[in-house]
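Listed here are the chains, written in short residue letters.
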Amino acid sequence: MTESAERGAAGQRPARPGRARVPASRRPGGTRPGLARERTSLSWTRTAISFAALGGVVLKANVISGLIILAIAPLIWQLGRVTRGDSPGTSLPAVGATRLFMITVSIVAVALLCLFIAIFGRAVPGALR
Amino acid sequence: MSWSRRLAALLPRTVAEDTGGTEPDPRFTFANERTFLAWSRTALALVVAGLGIVQLLPPFPGVPSGRHLIGLPLIALGAVLSVAAYAEWVRNQRALRRGEPLPRSVMPWILAATVTGIAVISGVVLLLSAVR
Chain V
0 MTESAERGAA
10 GQRPARPGRA
20 RVPASRRPGG
30 TRPGLARERT
40 SLSWTRTAIS
50 FAALGGVVLK
60 ANVISGLIIL
70 AIAPLIWQLG
80 RVTRGDSPGT
90 SLPAVGATRL
100 FMITVSIVAV
110 ALLCLFIAIF
120 GRAVPGALR
Chain X
0 MSWSRRLAAL
10 LPRTVAEDTG
20 GTEPDPRFTF
30 ANERTFLAWS
40 RTALALVVAG
50 LGIVQLLPPF
60 PGVPSGRHLI
70 GLPLIALGAV
80 LSVAAYAEWV
90 RNQRALRRGE
100 PLPRSVMPWI
110 LAATVTGIAV
120 ISGVVLLLSA
130 VR
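As given, the protein sequences belong to chains V and X, one line each in that order.
So that you can map any letter, position 61 of the first sequence is 60 in numbering that gives the first Met the number 0, and since no number is skipped, the others follow by simple counting.
So that you can map any letter, position 99 of the second sequence is 98 in numbering that gives the first Met the number 0, and since no number is skipped, the others follow by simple counting.
Among the hints, a few may not be true.
[As the list claims (entries may be wrong)] If you only want the chain X side, here are some residues facing chain V, beta carbon under 7 Å, derived: (1) F29; (2) T34; (3) A42; (4) L50; (5) F59; (6) I74; (7) G77; (8) L101; (9) R103; (10) V123.
[What the hints assert, rightly or not] Label-pair restraints from in silico Cβ distances: (11) X/P63 <-> V/E37: 48 to 54 Å; (12) X/G116 <-> V/G120: 23 to 29 Å; (13) X/T115 <-> V/L58: 48 to 54 Å.
Honestly, the hints are just simulated from the structure, not real lab data.
Note that the structure is predicted; figures quoted are calculated from it, not measured.
We put the beta carbon where it would ideally sit given N, CA and C, even for glycine.
Could you put the whole structure together from the sequences, leaning on the hints where they help?
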């Protein structure tokens, strides 16, 4: 009697003949990143788009600052691509803390720039009226 | 632990040198990274909202600094959330490597409390503006 058949006989969910119930982590390819890699890549793309959107808003208030932030957007997208571009199979590229640290530094710098523009910049009141 | 040590522990070089534990399941690593990116987008959205309120909204009649009262805290919160998201990513990655339970996150609490505070300020500014 196979192991799976024994488990079925023990009162648990009966196992189908020839199909052993094994945890996902033990299945062949069970720990492969699979679609997680794709989702993370899309997440990087969304973050880059968010930067571009912020650049668009800042462009309205201060052209040079807006252009700088718009230029950051493709860099962010590239950061996400560089790390997991062509690595095959299960091998996960070293998730460097440096790139996430760079994102954090960028956001803090952009927030400080926006604070400066908000306090000292010339407002365009009624642009959203 | 002192603040300087805490900050030093967040530097990328210190994080890279921490080789304790074993490399976790790649899916968990990716999930941790996505969570960090989601918080980063939230931070960016707060900055956009704050700047939009200050720069683009018409002024509140009778409350000249109303837009700044609402917008500036939003921008500051964006910066704080971004740093907190990175710190949380480091803590989570460390816990994943060592097979420890994930630490409790205070970020939702910070976000909820600040947004509630700003909503209250907005209500007060709107009321004052309607009365005057």
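Hints and how they fare:
no.: 1; hint: F29; in the structure: holds (4 Å)
no.: 2; hint: T34; in the structure: violated (9 Å)
no.: 3; hint: A42; in the structure: holds (5 Å)
no.: 4; hint: L50; in the structure: holds (5 Å)
no.: 5; hint: F59; in the structure: violated (10 Å)
no.: 6; hint: I74; in the structure: holds (5 Å)
no.: 7; hint: G77; in the structure: holds (5 Å)
no.: 8; hint: L101; in the structure: violated (16 Å)
no.: 9; hint: R103; in the structure: violated (21 Å)
no.: 10; hint: V123; in the structure: violated (20 Å)
no.: 11; hint: X/P63 <-> V/E37: 48 to 54 Å; in the structure: holds (50 Å)
no.: 12; hint: X/G116 <-> V/G120: 23 to 29 Å; in the structure: holds (24 Å)
no.: 13; hint: X/T115 <-> V/L58: 48 to 54 Å; in the structure: violated (31 Å)
Comparing the model with each earlier hint shows violations of hints 2, 5, 8, 9, 10, 13; every other hint is respected.
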